[in-house]
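Chemist: Please construct the entire structure, taking both the sequences and the accompanying hints into account.
Those protein sequences? They're chains R and Y, same order as listed. Under the working numbering, the very last position in the first sequence is 1279; numbers go up by exactly one each time. Under the working numbering, the very last position in the second sequence is 1279; numbers go up by exactly one each time.
If you're looking for bench data, these hints aren't it; they were derived computationally from the structure. Worth double-checking, as some hints may not be accurate.
What the hints assert, rightly or not - The list that follows gives simulated cross-link-like pairs (lysine to aspartate or glutamate, EDC-like), each with its CA atoms no further than 16 Å apart: (1) Y/LYS1193 with R/GLU1076; (2) R/LYS1178 with Y/ASP1162; (3) R/LYS1135 with Y/GLU1154; (4) R/LYS1178 with Y/ASP1090; (5) Y/LYS1178 with R/GLU1154; (6) R/LYS1160 with Y/GLU1154; (7) Y/LYS1135 with Y/ASP1090; (8) Y/LYS1246 with Y/ASP1220; (9) Y/LYS1129 with R/ASP1090; (10) Y/LYS1160 with R/GLU1154; (11) R/LYS1129 with Y/ASP1220.
There are 2 protein chains.
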Amino acid sequence: MQEMIKVAVDAMGGDNAPAEVIKGVINAVTLRQDIKVYLVGHQDAVKEELAKHSYNGTQIEVIHAEEVIENAEPPVMAIRRKKQSSIVVGMNMVKEGKADAFISAGSSGAVLVGGQVIVGRIKGIERPPLAPLIPTEKGVSLLIDCGANVDARASHLVQFAKMGSIYMEYVMGVKRPKVAIVNIGAEEEKGNALVKETFPLLKNCPDINFVGSIEARDIPKGDADVIVCEAFVGNVVLKLYEGLSSTLMGVIKKGITGSFKSKIGALLVKPSLKNTLKAFDATEYGGAPLLGLNGLVVKTHGSAKAKEITNSVIQCVTFKEQEINEKIRRNIAVSPAEEE
Amino acid sequence: MQEMIKVAVDAMGGDNAPAEVIKGVINAVTLRQDIKVYLVGHQDAVKEELAKHSYNGTQIEVIHAEEVIENAEPPVMAIRRKKQSSIVVGMNMVKEGKADAFISAGSSGAVLVGGQVIVGRIKGIERPPLAPLIPTEKGVSLLIDCGANVDARASHLVQFAKMGSIYMEYVMGVKRPKVAIVNIGAEEEKGNALVKETFPLLKNCPDINFVGSIEARDIPKGDADVIVCEAFVGNVVLKLYEGLSSTLMGVIKKGITGSFKSKIGALLVKPSLKNTLKAFDATEYGGAPLLGLNGLVVKTHGSAKAKEITNSVIQCVTFKEQEINEKIRRNIAVSPAEEE
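Modeler: Pasting the structure below:
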């Protein structure tokens, strides 16, 4: 018998929990028979929602968690105090080997802190980066790091580049992924102190396909598969991506429904436009992995719908099947960077 | 007789020089009789182009400059060696008081270096920031700093906030402009070391209307008028703004002309869409000023068309009329920040 891949899912996290989370989980176990999902959350709420669906009962198990960590709570405190929260209970399952991965649409801060404190880093990994996929003209790129650990060192960025490369190659199937560092010019001598220090280290790194600097202007073109930066810059890129896309969509929608003539036009273009924008949506690929941990933690958008949850569960399966953590252990955890 | 405002314009800078530059200048002097423009560039090329238009001859004078600084040249070297370039000649006119302002669509690096080295900083100003206007849902915001001086200190950011405030209030006419610092969360305790150090300084600054942190996601909403950040982050925001807007437009255009039905729709929505996108275009307001100099230097886009040049000339007039540099001297150059 094939080994089941065990994924714990935070049934209480995000704006659309538990309904959309549970819908997404059921879709995932219907798609693949080798997945077992542990729905972590308040059992009354979870069971009530589950009762609305039909599914293979052996593939889903409810794990009771009395508490929920709210977005507004200070993450470190919340992780320490709310031992019975869905995030802490789910992460403990990964730590204890009862689950291979944990997915949450809940508090980003708590997920990041919990990943480091509860699940723990792979030995030799200095920092676990949060690495969302962002949409580009050509598909998606991995933006690494967008986490909470700002003011990174050059050695951290080198590890991000290597982990990102492994992820894009083996989870996303990109052969020899192009790695670039976010910079304010294309030339090697450009940049701030961190980038100037990191650039030659990446250039001399034999394990990755380093293509040099990438200016923010070229990120949406998909010129690189793995986009390396420290978390403050990554956060700015990620949030601006989301904010500007949404603002532009709003502006365009308003613009094309402004006159009667264009209102009719808007009706005609709507289906094509919808399809196009769907292609320009990274949630189609799942959530953002927190890499370099003893297990996998995936953070989805707070606004995640069923589809993003389903894709995140499948993503965990690929992660496990491709033995990403073994590859990270073998290729990075023993690299010279850690010995600095 | 009213005093003429004297603006030197780089006739050789940018992708569309000299034709669009000269067209823009002629529009500007036609709009306002109190402007005198010095067109700095190779006299043969400039005069040949000027001959195609009719204009008030007393308002435009050609200043010969034998050389041109190319985009690819290392800026410091270029400024030092090409004494007869349009950028160096034009900036020397500002330095010597022969012109109030200099506008260039040429090499960003050379304009930034030349501004500091030739025109020079106002006494007490630690760094001259480059401050482009970016489009938002509500109009425009000033993004300060997007220049070449990365790894800024907290005291620099405080001066940026003050100069940006003065610019938005007196050049753009925004009453008590809202000042925010780019951050990765809304709370005061969030951020990297620089932001954490700067936040309380801005909070305790009596001259500005500080509204706290702004996440990159909220920049396009226009939640702040003056967006303070160090140059690396500013550059990433600015370039991503341009790149993502252009990519999304391309994706949408392709999407709505994908089927026959939507092709017809596209024709109907085109005029409204064009108007809307025009509103979402900061070049309507002119170029990016380099603030804190003994005079004014304005950098327009390399791709600037006549309209951006015209608007930049008018912007220089407002800058002079509103005595921005006197306000900066009075309010900032004597502030405690410089005494650190």
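Chemist: Are the hints correct? Go through all of them and say.
Modeler: Each hint, compared with the structure:
1. Y/LYS1193 with R/GLU1076: holds, 11 Å
2. R/LYS1178 with Y/ASP1162: holds, 14 Å
3. R/LYS1135 with Y/GLU1154: violated, 26 Å
4. R/LYS1178 with Y/ASP1090: violated, 22 Å
5. Y/LYS1178 with R/GLU1154: holds, 7 Å
6. R/LYS1160 with Y/GLU1154: violated, 23 Å
7. Y/LYS1135 with Y/ASP1090: holds, 14 Å
8. Y/LYS1246 with Y/ASP1220: Holds, because 12 Å separates the two Cα atoms, which is no more than 16 Å.
9. Y/LYS1129 with R/ASP1090: Holds - the C-alpha atoms of R/ASP1090 and Y/LYS1129 are around 12 Å apart, at most 16 Å.
10. Y/LYS1160 with R/GLU1154: violated, 23 Å
11. R/LYS1129 with Y/ASP1220: Distance of about 28 Å is beyond 16 Å: violated.
Checked against the numbered hints above, the structure violates hints 3, 4, 6, 10, 11; every other hint is satisfied.
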